[in-house]
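S.K.: Residue numbers (my numbering), protein chains in the order written: chain P, 1 to 321; chain Z, 1 to 291.
Since the hints were derived computationally from the structure, they do not count as laboratory data. Where hints are given, some of them may not hold.
[What the hints assert, rightly or not] Listed below are the simulated DSSO-like cross-link pairs for lysine-lysine, each with C-alpha atoms no more than 30 Å apart in a straight line:
{"#": "1", "chain 1": "P", "residue 1": "170", "chain 2": "Z", "residue 2": "47"}
{"#": "2", "chain 1": "Z", "residue 1": "131", "chain 2": "P", "residue 2": "154"}
{"#": "3", "chain 1": "Z", "residue 1": "191", "chain 2": "P", "residue 2": "30"}
{"#": "4", "chain 1": "P", "residue 1": "182", "chain 2": "P", "residue 2": "170"}
{"#": "5", "chain 1": "P", "residue 1": "154", "chain 2": "P", "residue 2": "182"}
{"#": "6", "chain 1": "P", "residue 1": "170", "chain 2": "Z", "residue 2": "42"}
{"#": "7", "chain 1": "Z", "residue 1": "278", "chain 2": "P", "residue 2": "127"}
{"#": "8", "chain 1": "Z", "residue 1": "191", "chain 2": "Z", "residue 2": "131"}
{"#": "9", "chain 1": "Z", "residue 1": "221", "chain 2": "Z", "residue 2": "131"}
{"#": "10", "chain 1": "P", "residue 1": "154", "chain 2": "Z", "residue 2": "278"}
{"#": "11", "chain 1": "P", "residue 1": "154", "chain 2": "P", "residue 2": "170"}
[Stated by the list, open to error] Computed beta-carbon distance windows for the label pairs:
{"#": "12", "chain 1": "P", "residue 1": "208", "chain 2": "Z", "residue 2": "173", "range": "40 to 46 Å"}
{"#": "13", "chain 1": "Z", "residue 1": "21", "chain 2": "P", "residue 2": "229", "range": "51 to 57 Å"}
{"#": "14", "chain 1": "Z", "residue 1": "62", "chain 2": "P", "residue 2": "164", "range": "28 to 34 Å"}
{"#": "15", "chain 1": "Z", "residue 1": "173", "chain 2": "P", "residue 2": "212", "range": "45 to 51 Å"}
{"#": "16", "chain 1": "Z", "residue 1": "220", "chain 2": "P", "residue 2": "102", "range": "50 to 56 Å"}
{"#": "17", "chain 1": "P", "residue 1": "307", "chain 2": "Z", "residue 2": "46", "range": "54 to 60 Å"}
{"#": "18", "chain 1": "Z", "residue 1": "279", "chain 2": "P", "residue 2": "23", "range": "50 to 56 Å"}
{"#": "19", "chain 1": "P", "residue 1": "229", "chain 2": "Z", "residue 2": "9", "range": "38 to 44 Å"}
Here the structure is a predicted model, which means the values were calculated and not measured. Glycine included, C-beta positions come from ideal geometry on N, C-alpha and C.
One-letter residues, chain by chain:
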Amino acid sequence: MNKQQPELRTSAVMLAGARQPGRLFRRFFKDRYLILIGLPGLLYFLVYRYAPMLGLYMAFIDFSPFQGISSSPWVGLLHFRRIFGDQEILQVLWNTLSISFLQITFAFPVPILLALMLNELRSQVFKRIIQSIVYLPHFLSWVVVIGICVIFLKGDGVVNGLTEQWFGWKPVPFLTSPDYFKPIIVLQVIWKEAGWGTIIILAALAGVNPQLYEAAVVDGASRFQQIWHITLPAIRSTIVILLILRLGNVLDSGFEQIFLMLNPFNMETGNVLDTYVFYKGIQQSDYSFATAVGLFKGFVGLVLVLSANNLAKRFGEEGVF
Amino acid sequence: MKIRPWGERLTDAANVALLTLIALAMLLPFWHVLAVSFASYKEFLEKDIVWFPQEWVLGAYEYIFASGSFVRSVGVTVYLTVLGTCVNLIFTSTLAYTLSRPVIGQRLVLMLVMFTLLFSAGMIPTYLVVKETGLIDSLWALILPIAISPFNLIVMRQFFLGIPSELHEAAVIDGANDLQIFGRIILPLSKPSLAAFALFYAVAHWNNYFAGILYLNTPEKWPIQVILRQIVVVGEAQTTLGGGQILLENAPPAETIQMAAIVVATLPILVVYPFLQKHFTKGVMLGSVKG
């Protein structure tokens, strides 16, 4: 056996060198049905996910629908330079970043706290009831969530009606004032997604060995000491992974939600990169510039998620990739 | 039973109370919407917030179901949801299965799929591809560009990888080809998990709003979420619903109409929610497995 092996290997190498196309063809033929059924899905990715990436070429030309892609003039990085020279975009960029920052500070920790609270419950029945309720808003559409929000917050809505009746306050224009836009966006995200976000944390908590808690109790650890020294370290890497993924979306501010909440009165603080691309590209047909803004957004997101991942690895965490 | 110290019981009680409050904060807004949708005009005007209508009135529901544009949008959305979910399942399961087998080019295609999770070309280039493929103002524009969710594909592939390879080997010995193995063994085995994916895809189709705005120009083709936005967020209940119809006399107030529309648009989600709940913990866990 052992003696034969080198010989076999050389012949395989020779075969691979000389008759590569034939072997390839035979592998294709052997897997023909598998390849056949995988084809629609592959075609989907090529047409609707990768063909648009070829379209990114538009960011470097001055595309006009009448001239077509091939005869529009090449302008290099002009559109990208426009991004940093334009006062309106700087405002949009600031809105995007500040909304993301608010989300990471206020909305990101809520599912973690909620999961810790759920984890401390003694009654499993009560826990399941609460879980069923807090997961539900995740499945409502943004139109429904914002519809309900509008009903409560509009000028003659429920909240203004109650504060006037109870305290005699004047109605507050929550929906049409630039000052309230960002806090409302963050609150909506907490309302809709906090419960859903607990699932992955609870899954990590379910993996904690109960003996650790028993040992801690024997050592006289209090409830909060147990949470601090056992529970939190157990979910640390999950939190780091979630944070990495969140950082990659810093320039993503939830298009549908913001688009639905925008109106001419709060445009100043509410317009973000995604909605800006929509207004510029689709409504004003400034395709090249809107593509450039979109590409800038996608590229920054990619760089951020990769560097956050590297950083996490350097600090001894697992990372995502 | 061991007697627990007072401090601990106090934190427990506070925890239960706080969680109850949180759950109420999620439930009550929707409950108010439901109550108002059934309330009479008089009661709606008198009270700021309604929990139990004194008299149950169906006027708002009669009004929206008498509106051609609302009924049409429900029909369009049902059509989109059924057809779209079928397309999702076919495209996702076939590619997921192929990628779960040691097929030529497997690694390359997997990398292509993974990369789309990290980077996408953005709205404008995608819009232009949809335009080039002739889907503008067609309902297929709300189905084909989202035929596969890369995340679901990866989770489903993970599931197929978990099916014992002995089944596959036995089928090969019995002379089955890959097509027969997929159709007669893998798919029947995966029915429960395919049902879970179907539910998630269906909810996504039902809730899809923006694609309708982006790709559809004819108001007759608008799905329910677009109509709902016109009614509730833009506040054009009467013009959206009333256009060109003979309306009921004494039309109910715009607010109760809005709430009735929200209830109708949410009802299907509430109906499938218990079934969803059975599956999603499993789904998220599967997805979180690295590999």
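S.K.: All hints, please: hold or fail.
M.R.: Hint by hint, here is what the structure shows:
no., hint, verdict
1, P/170 to Z/47, "holds, 18 Å"
2, Z/131 to P/154, "violated, 38 Å"
3, Z/191 to P/30, "holds, 27 Å"
4, P/182 to P/170, "holds, 21 Å"
5, P/154 to P/182, "holds, 16 Å"
6, P/170 to Z/42, "holds, 24 Å"
7, Z/278 to P/127, "holds, 15 Å"
8, Z/191 to Z/131, "violated, 35 Å"
9, Z/221 to Z/131, "holds, 17 Å"
10, P/154 to Z/278, "violated, 37 Å"
11, P/154 to P/170, "holds, 13 Å"
12, P/208 to Z/173: 40 to 46 Å, "holds, 45 Å"
13, Z/21 to P/229: 51 to 57 Å, "violated, 28 Å"
14, Z/62 to P/164: 28 to 34 Å, "holds, 32 Å"
15, Z/173 to P/212: 45 to 51 Å, "holds, 48 Å"
16, Z/220 to P/102: 50 to 56 Å, "violated, 40 Å"
17, P/307 to Z/46: 54 to 60 Å, "holds, 58 Å"
18, Z/279 to P/23: 50 to 56 Å, "violated, 43 Å"
19, P/229 to Z/9: 38 to 44 Å, "violated, 22 Å"
Hint compliance for this structure: hints 2, 8, 10, 13, 16, 18 and 19 are broken, all remaining hints hold.
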